[in-house]
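Mind docking chain B with the ligands on chain A? Use the hints.
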Amino acid sequence: MTEPETATDTMLRDLRGLWRIRLLEEKIRDLRLNGDIVGSVHLCIGQEAGPVGACSVLEPADALFATYRGHGWALARGVPAAGILAELLGRSTGVNGGRGGSAHFSAPEHGFHGENSIVGGGAPLAVGAALAGRFDGTGRVALCVFGDGAMNQGSVHESMNFAAAFDLPVVFVCENNEYSELTPIRDMVRNDVLAERARAYGILGERIDGNDPAVVRDRVGDAVQSAREGGGPVLLELMTARLVGHYIGDAEQYRRPGELERLAETEPIARLRRALRSASVDETAIAAAHAEAAREIEAAAQEAAAAPPAGTDAVRRHVHA
Amino acid sequence: MPETRKLSYGEAANAALRRALDDWPEVLVYGEDVGVPGGVFGVSKGLRKQFGDRVFDTPISESAILGSAVGAAMFGRRPVVEIMWTDFFLVALDQVVNQAANVRYVSEGRLTAPLTIRTQQGTAPGSCAQHSQSLEAFFLHTPGIRVCMPVTAQDAHDLLLSSIACDDPVVVIENRTLYHGGKQEVSVGGPVAPIGGLRVRRPGTTATAVTWGSISQQVLVAAETLASEDHDVEVLETPWLDPFPWDEVLASVARTRRLVVTHEANRTGGFGAEVLARVAEAGIELAAPPVRVAVPDLRLPAAPGLAAAVVPAAGDVADALRRVTTTG
Ligand SMILES: Cc1ncc(C[n+]2csc(CCOP(=O)(O)OP(=O)(O)O)c2C)c(N)n1
Ligand SMILES: [Mg+2]
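Protein sequences appear in the order of chains A and B.
Just so you know, we're using UniProt numbering here: the first sequence kicks off at 1 and counts up by one.
Just so you know, we're using UniProt numbering here: the second sequence kicks off at 1 and counts up by one.
Chain A with its partners taken away, still in its complex shape (with noise of 0.2 Å):
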C-alpha cells in the first residue's frame, strides 16, 4: 500500500512538474537560438501552473486540444521529452516524424490530440470528440486549450454554444495571458472578463488563479467532474502571463514598464518555491524537484540529438488511406 501523498508532496510533485516544462522550454529556447531547431517557436514559460494543474485530473482517455503554445501541455499530458524535442529538432524520433514541428505536433497515444497553428481551430475538433464520447461509450471529456486572443474568433464561440446545446463534455481552458501576440487583449474587449461570455452560452464560467496549480487542478477537477456527469461544457479561465516573447525574437515593446520585474514574483515556480518554505519544507527537497526535472530533460536532449534526421523516403505517405 502507497502512503497518501501529504500537502507537501503534492507541492513538491507540482513544482517538479512545473519546472520539467520550463526546462523543457529553456532547452527548446537555446537549441531555438543555436539554429538547431528552425523557424517559429512559441514558449509557455511562466504558464507551465495550467498544463501541471489541469492534466492532473484528466483521465486516460480524455482528449486534450492544445494550440501552438503547446510543449508544457504536451508534457504534462504524458508525451516524452525527447520524443518532443527531436519532433522540434525534425529528428526521425520526433513524435510525428518531423511533419508537424513545434507548433503542429500531435500524439494522441499519450492523450494529447494535438497543437494547432490556426487560433481558434482546436475549439471544434474538442466539441467533436466529446460528441464521439457520447456515442462510444468513453464519456470521454474533451479539454481545449486556446488563448485569450482566440475567444475573439468565430469558431470559438460557436463551438461553445455548440457543446452547450448539446450537454457536451468539454471543458474549454482560455489562457489569458493579457496579450494575443504583440497586442494587449484589454484594448481587443469591452469587457475583459472573458470568464463572463459562459453566461451568454448557459454554461459556467469562472476566471481563476492560472499561476497556482494547486487551483487549477481544483477548478478543473470540478469542470471536468461535472462535464463527465453530464452538466455540460465550462468554460475556465486561467490567469496567468509569459515571461518571454510571442516567438523567440518578439521585441516586446509592448510591456508596460516594470512589468516583467512584477511577473516575475507571481509566476508559478517562485510562488510554489515561496509556500514551501513558509511550510518549512526542506531546501534539499525543493533543490531536488529541479534536479530530478533537470536531469530529465538533459537526457531528453541527448536523446532527440543523437536521433538522425527524419527521413524524406516516406514523406509522400499518409496523405490518403
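If you are wondering where the hints come from, they were derived from the structure by calculation, not from laboratory data.
Check the hints yourself; a few may be wrong.
Said to hold, decoys possible - In the EDC-like style, the derived pairs of lysine to aspartate or glutamate whose C-alpha atoms are separated by at most 20 Å in a straight line are:
| hint | chain 1 | residue 1 | chain 2 | residue 2 |
| --- | --- | --- | --- | --- |
| 1 | B | K49 | B | E26 |
| 2 | B | K49 | A | E252 |
| 3 | B | K45 | A | E181 |
| 4 | B | K49 | B | D22 |
| 5 | B | K45 | A | E292 |
| 6 | B | K49 | B | D23 |
| 7 | B | K45 | B | D22 |
| 8 | B | K45 | A | D250 |
| 9 | B | K6 | B | E26 |
| 10 | B | K6 | B | E185 |
| 11 | B | K45 | A | E252 |
| 12 | B | K183 | B | D22 |
| 13 | B | K49 | A | D9 |
Chain B with the ligands only, in chain A's frame:
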C-alpha cells in the same frame, strides 16, 4: 514627384501604404497587430503614429476584418486589411467569395467593394502545414477578385498602390521570406499604374518559363544554368494573376513552342494547369510536352529537411527546362 530610394521589400510596401494614406483620405489600414505594433513583419510600422485612427489593430476575428472591409468599401472607404498568413483566410473565406466577389455583379454595378487584402504566403524553413500553403488558386477560381503576387521591392510598392486604387477587391499576396531581404532601388512617387501587366525577367528564344511568387527567383537561377548550356530561356514573371497577361504569355509560347510553368502551390488545380489549358485551347503546337513544376499534392511537413524534399528548387526547374528544350 518621382524619386529613387533604397528600400527592402517590406519597406517598399510600407511606402505604398503611407502614400495611399497620404493621397486618399478614404484609405483605412487595419488588421491583427497592424496598428500600434506596426505589423508582425513591420510592414505597417509608423503608420499609426502618422495617421492615427485610420490605422488600427483588430481582434483575432478574420470574418469581421474581411467583412467589415467589404461593408466599409460599399460605403465609400477604401480599406486595406491584412490577413497575417494566407492560411488564416480559410476561417473567413465566405467574406471574400460570397460577399466581396458578389457586390458589384449582383448590384449591376450600383455597389462596389474597392478593398485591398494584403496577405503573405509560402514555405519557409520550419513552418508547419498550417503556415506554408500557397492558395492563390482559391482566389483565381473566384471571378470578381483581382490577385497579384509581388516579388521585387518595386512591385511590392507598385502593385500595392495599383491594388488600392483599383475599384474592385484585390488580394495582394506577399511573401514573408522577402520582407527583410536586401534593399533595392525603388522608384516612388510616380503615377499609379493600372492593375495588370507582366515582367519579362529574361528575354529568350528557346523556351518560355512562366512563373509567379518568390519561386520565380529559382526560375531565374535555372534559366541562367540553361544559358550556360546554350539554351536561351525566356522568363516571364506574372505578378498579376488576375488580370492575367494571356496575350503576352501565349505569344511567347507560340514563338518558343516550349513551356515550363513553375509555382509553389500544389500541382493539382494549381494555376499552372490553367496556363497549360489555355495554350492547348489556343491551338499552339508545342515541340515538346509542357511541364509543370509545383509542390506535389501533399501537406507540407515542418522539418526543413522534409520540406526541401518536396518544394521545388532551382535544380528541379533546370531539369524541367532541359526536358522541354532537349525533347522534340
Ligand atoms: C486564424 C488565425 N489568425 C491569426 C493567427 C496568427 N496568430 C497566431 S498566435 C496569435 C495570437 C493569439 O493570442 P492568444 O489567443 O491570446 O494566445 P497566446 O499566443 O497568447 O497563447 C495570432 C493572432 C493564427 N495563427 N490563426
Ligand atoms: Mg494570449
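A quick look at each hint next to the structure:
1. K49/B / E26/B: Given that 20 Å is the threshold and the Cα spacing comes to 18 Å, the pair holds.
2. K49/B / E252/A: At roughly 18 Å apart (the allowed maximum being 20 Å), E252/A and K49/B satisfy the hint.
3. K45/B / E181/A: holds, 16 Å
4. K49/B / D22/B: holds, 13 Å
5. K45/B / E292/A: Violated, because 46 Å separates the two Cα atoms, which is more than 20 Å.
6. K49/B / D23/B: Holds. K49/B to D23/B sits at ~17 Å (cutoff 20 Å).
7. K45/B / D22/B: holds, 15 Å
8. K45/B / D250/A: holds, 15 Å
9. K6/B / E26/B: violated, 28 Å
10. K6/B / E185/B: holds, 5 Å
11. K45/B / E252/A: holds, 15 Å
12. K183/B / D22/B: Answer violated: K183/B to D22/B is near 23 Å, above 20 Å.
13. K49/B / D9/A: Between K49/B and D9/A the Cα gap is close to 54 Å, so the pair fails against 20 Å, i.e. violated.
Hint violations for this structure: numbers 5, 9, 12 and 13, all remaining hints satisfied.
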